[in-house]
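Number of protein chains: 2
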Amino acid sequence: MKTLLNMKKTKNENVNNNSIGVVETQYHTIAGQGDELSLESGEKLGPVTLAYETYGNLNADKSNAILVLHALSGDAHAAGLSLEDHSVGWWNDMIGPDKAFDTHRYFVICSNVIGGCKGSTGPSSINPATGKHYALDFPFITVADMVHAQRRLIDYFGIDKLLCVAGGSMGGMQALQWVSSYPEKVRSAVVIASTLKHSPQQIAFNEVVRQSIMADPSWYEGSYYEYGQPKKGLSVARMIGHITFMSDKSMEEKFSRRQKSDKFSFGFDPAFEVEKYLHYRGLNFAQRFDANSYLYITKAIDYFDMSGLNLIPLGKTVDTRFLIISFKSDWLYPSYQSQDIVRLLKKRHADATYCELNSTYGHDAFLVEINEQTTLIKHFLDKTFNGYMVAGKHGR
Amino acid sequence: MKTLLNMKKTKNENVNNNSIGVVETQYHTIAGQGDELSLESGEKLGPVTLAYETYGNLNADKSNAILVLHALSGDAHAAGLSLEDHSVGWWNDMIGPDKAFDTHRYFVICSNVIGGCKGSTGPSSINPATGKHYALDFPFITVADMVHAQRRLIDYFGIDKLLCVAGGSMGGMQALQWVSSYPEKVRSAVVIASTLKHSPQQIAFNEVVRQSIMADPSWYEGSYYEYGQPKKGLSVARMIGHITFMSDKSMEEKFSRRQKSDKFSFGFDPAFEVEKYLHYRGLNFAQRFDANSYLYITKAIDYFDMSGLNLIPLGKTVDTRFLIISFKSDWLYPSYQSQDIVRLLKKRHADATYCELNSTYGHDAFLVEINEQTTLIKHFLDKTFNGYMVAGKHGR
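Residue numbers (the numbering used here), protein chains in the order written: chain A, 53 to 448; chain B, 53 to 448.
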C-alpha cells in the first residue's frame, strides 16, 4: 500500500490529503439475524461473518450511503489509517473529507467479500461442522453470493436504498451484480476498469494463476493450514498478476532494463529490477493472502456473466444511474469491455455515462489515477444525491 | 504442429501444398574441426554438436544459401516430413518448392540452437568432463553464442556469404545478431515479430516462466534427469507462454467462453475450453522440451540487446538488406519494437523495408499467416538474389 501511495503522490500533486484518520475494521455476523446464506450452488453457508469499515455518518433518512466494493485481493480497509498494521486504506485518496467519496457528505461502507481471507468467512475460516479450516470443503461461491451477503449488511444498517455502489475491477463486477440482483436498492453505480464477463484471455490468466498454486505440493489439495501457505506457487501466481496489472509502458517507465548490478551477471537469480520487483510482490502476497481464497475468488469472477439479459431482464427498466470508467492502457480489462457495458445499458434504456481516461498505469490506474476519477465521481455523486433529494427517497 | 497446419489451411487457402517430402535431421560436431567454442561468458564449450536440416541444393558458387533461425522452443525441423515422429516442419508452408523460401532456387539450412534440447548441445547433453548431464553446469549462453556456433556450421558448408538469415521472434534476434557479429557474411536479413531488446514486460513474463519451473520441487536445482522433468512447473510455464503467443481476439475467436459441459460445473477442474487447451499445451510441452533448456534460452533472449550501436557500430556501414515484418495483434513483440529496429537501421543508413501485417493471430502469426509473408519474402529474396548475381558475389 505504501508503494502505491508514493506513486499517487507524485502523479496527483493536487490530491487533497485530508485523511479520515484512524479507522478500525468491524465484523458483522449474519447468522445472528436469522438463517444461513443460500448460495447459487444450492449449498448453504453459515454462520457468515463480514468484515467491514465505515467512513462518515449515515444521515437521518439513510439516503447518503455508498457501498464501496473491492477488487480480487482487496479488503474492507479502503480508507484511513489502521493502527493494527499501520496501513493506509487501498482507496484512501478517493475516500475522505472533500474527496471523490466525500465523507462530509456521504456514509461510505466497504465490506470484505465472502470467500476472502480478510475477516470475512472464507476457505481459511473454521468450519463449525468440523472445527477445522474449511479448505476445499468451503462451498463454491459466485459474485452474486458475495452481493447477497453484502445485502444482509446493508439491511443491518437499515438502509433501504444505496445512493451508490462503486468499485474497480472485481469491485465493478459486484456493482453490476448489485444492479442485477437488487435494482430497487441501487440509486447509482460507478463501474471502473471492469467487464460484463471475462474474455477467454482473462479466464486463461486466472487458470494459470490457479494451476500455479495447485502445482505446488505444499498446497496439499487445499489442506495446508497446519503447515503454512504454498508460498512458491502462490508467489508465482501473484507475479503473473502483477504483470497484467501494469502496462508495457508503465513497466518501461518504472524499470526499463535497469539491473541492480552494473556487472553483466550470469545465472538464474533475478538480475533486472523488474524481476526483483515481481519477486518482492510475489513473496509479500504469499505472506498476506490465503491461497485457497485466491482460487475461489478467481473462479467466481471467471463464471460472472452479466451479458445479454442477465444485467437487466427483458421487460424491466432500472432507474439506476451509471458511470462507467476505463483506462486506455488497461489491457487486462480493456476499454472495449467497458464500452460493451455502456452499449448494453443504452440498449436497455438505462442512464449511462462513459469516460475513457488516458492513464499509462494499466489496470492499476483505478487505484492510482486519482485526479480525473475524483472529478468524474464527485460530479456524478453530487448530481445523483441532489436529484435524489429533490425527487424523494425512492427516486424518480 | 498438426493443429497449426489445420489453422493454416483454413486461413491460407491458396497456399501451395508442394512439399519437399521426407527429411532427416543431421548432426554436425564442431569440435571435430578444431577447438572448443569460446562463449561470451568467458567459458569454453566443447564438443559442440548442432542438429540441422537442409532443403534444396547449394549452387556451384555457394551464393544461394539461406539460414532459417528458429524461435524459443523450435528445432532444426523447419520443413518437410520427419519419419521419426511423423511431424511436419514448423515453417513447412514457408519453405519448399515455389514457397516463400523457394527450394527450387535456394539452399535452406535450419539449425537448432545451442542450449536447446533437440539434438544440439545443451544442458540435457552429457558433460564429457563428468559423464553426466550438464544440468546447471552447462555454461551460460547468449544469442551471440548461438550465432557463433551456427557460423561454424556455415563454414563447414564452405559458404562465404549467406544470401539471407531469416527468422521470427528469437529467430529474428539471431538474424540481427548475425548482422552484428558477421556483417560481411550476411547479404540480407528477414526479421519477423522480433525486437532489438526485451522490454521489462517481456523479461517479466520470462522470469515468471523460469520461477514456475524452479518452484517445482521436481526440478531439483536442475538435476532432474534421472527422475524425469519437473512436469507441473514446466506445464504452467508453457501455459503462460501460450497466452502471450495468442491475441485477445484470436482467443475470443477460437474459444469464446465455451464450456465442454453445458452444466454449470463448480470446482477447480478446467471447465472452459480455453482452460482445457492450455492444459493440453502445457502437458504436451512438458513431454517434449527440456526444462533447463527453457531456463537457459529465456535468459539468453532477456540479455540480448542490439540497441544503440550494438547492431552497427559507429563508423561502420553494412550492405545487408533488411526486411522487417510485424503483426498488428502481436502484443508480446508489439509492432513498435519492429519500428524501433527500422528506425535504428535507417539512422545507420541501412537498406530497410518494413511492413506491419493485419493478422489477428497475435505473436503466433509468424507461424500461421503465410500468404502475405510469402508475397513479401519471395519478392525480397528475388530482388536480393538477382541484385547479388548482377553485382557479383561480394555485394554491390
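No lab work stands behind these hints, which were simulated from the structure alone.
Quick caveat: nothing in here was measured; it's all calculated off a predicted structure.
Do not rely on the hints blindly, as some may be mistaken.
Copies of one chain are not kept apart here, so a pair can be met inside one copy or by any two copies together.
DSS-like, lysine-lysine: derived pairs with alpha carbons at most 25 Å apart [to be verified]:
1) Lys283 with Lys114
2) Lys96 with Lys237
3) Lys249 with Lys312
4) Lys380 with Lys301
Tested hints:
1. Lys283 with Lys114: Cα proximity of Lys283 and Lys114: none, with 44 Å in one copy and 57 Å across.
2. Lys96 with Lys237: Within one copy, since 24 Å is at most 25 Å while 73 Å is not.
3. Lys249 with Lys312: between (40 Å within a copy, 18 Å between copies)
4. Lys380 with Lys301: both (11 Å within a copy, 17 Å between copies)
Consistency note: the structure conflicts with earlier hint 1 alone.
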